[in-house]
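Enquirer: From first to last, the protein sequence lines are chains B and S.
The numbering of the first sequence is this note's numbering, which starts it at 22 and goes up by one.
The numbering of the second sequence is this note's numbering, which starts it at 8 and goes up by one.
Check before you lean on any hint, since a few could be wrong.
[Unchecked claim] Capping the alpha-carbon separation at 25 angstroms, the derived lysine to any residue pairs in SDA-like fashion look like this:
hint: 1; chain 1: B; residue 1: K99; chain 2: S; residue 2: E109
hint: 2; chain 1: B; residue 1: K117; chain 2: S; residue 2: T27
hint: 3; chain 1: B; residue 1: K94; chain 2: B; residue 2: I70
hint: 4; chain 1: B; residue 1: K117; chain 2: S; residue 2: A9
hint: 5; chain 1: B; residue 1: K117; chain 2: S; residue 2: Q48
hint: 6; chain 1: B; residue 1: K91; chain 2: B; residue 2: E73
hint: 7; chain 1: B; residue 1: K117; chain 2: S; residue 2: P15
hint: 8; chain 1: B; residue 1: K117; chain 2: S; residue 2: K37
hint: 9; chain 1: B; residue 1: K117; chain 2: S; residue 2: R64
No wet-lab data here; the hints were simulated from the structure.
Everything numeric in this text was worked out from a predicted model, so none of it was measured.
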Amino acid sequence: AQTVTQSQPEMSVQEAETVTLSCTYDTSENNYYLFWYKQPPSRQMILVIRQEAYKQQNATENRFSVNFQKAAKSFSLKISDSQLGDTAMYFCAFMKPRFGNEKLTFGTGTRLTIIP
Amino acid sequence: DAGVTQSPTHLIKTRGQHVTLRCSPISGHKSVSWYQQVLGQGPQFIFQYYEKEERGRGNFPDRFSARQFPNYSSELNVNALLLGDSALYLCASSQGGVANTEAFFGQGTRLTVV
Chain B
22 AQTVTQSQPE
32 MSVQEAETVT
42 LSCTYDTSEN
52 NYYLFWYKQP
62 PSRQMILVIR
72 QEAYKQQNAT
82 ENRFSVNFQK
92 AAKSFSLKIS
102 DSQLGDTAMY
112 FCAFMKPRFG
122 NEKLTFGTGT
132 RLTIIP
Chain S
8 DAGVTQSPTH
18 LIKTRGQHVT
28 LRCSPISGHK
38 SVSWYQQVLG
48 QGPQFIFQYY
58 EKEERGRGNF
68 PDRFSARQFP
78 NYSSELNVNA
88 LLLGDSALYL
98 CASSQGGVAN
108 TEAFFGQGTR
118 LTVV
């Protein structure tokens, strides 16, 4: 079974600064996907960024980028030029792709607060 | 376009009762998954349905059941409610059938068992 660990329950950073959220995972699979989801107080989970394990290049989406270290089973999220709207819970998630079954395994989350 | 819609948004039930939660996926999506998110934790996978067939089940007791209808909407049923069933129940839809599709989540149903 896969496990996902987020060791930072809470983080805070000044607006416009850069922050990095950590995530490690454990799996014996070679082909898988990793995700970062954002959950604001509205409760809706929003996909921030996705990484395919077979791709060596780290994924980027505007101010969001990841540092994917497959051998170390590490998947950190970097948020640059942080904004007040980035305040939310952030969840790291793992998925082993199977036809018709895209089960996500989530970590316990990191509560990120952006300070004005 | 409408996103994933869940109903009701909030619900209060008494121990021992039964509850039905509903989810309508994004138009064109054939896969629906259910997750339970207890306060302070990450979501836990309960079920996935694709083309009206159960394709995955998490480590939940038989009191939890689900089904998917011909229009791809889904219901999650929980019998004999316990206090520990109090949680946010999230529904996610995806196109399904192709393994790397994005899951879109609804805003969840907040269930409180008293």
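Enquirer: Are the hints correct? Go through all of them and say.
Expert: Evaluation of the provided hints:
no. : hint           : in the structure
1   : B:K99 - S:E109 : holds, 21 angstroms
2   : B:K117 - S:T27 : violated, 29 angstroms
3   : B:K94 - B:I70  : holds, 17 angstroms
4   : B:K117 - S:A9  : violated, 28 angstroms
5   : B:K117 - S:Q48 : holds, 21 angstroms
6   : B:K91 - B:E73  : holds, 10 angstroms
7   : B:K117 - S:P15 : violated, 31 angstroms
8   : B:K117 - S:K37 : holds, 19 angstroms
9   : B:K117 - S:R64 : holds, 14 angstroms
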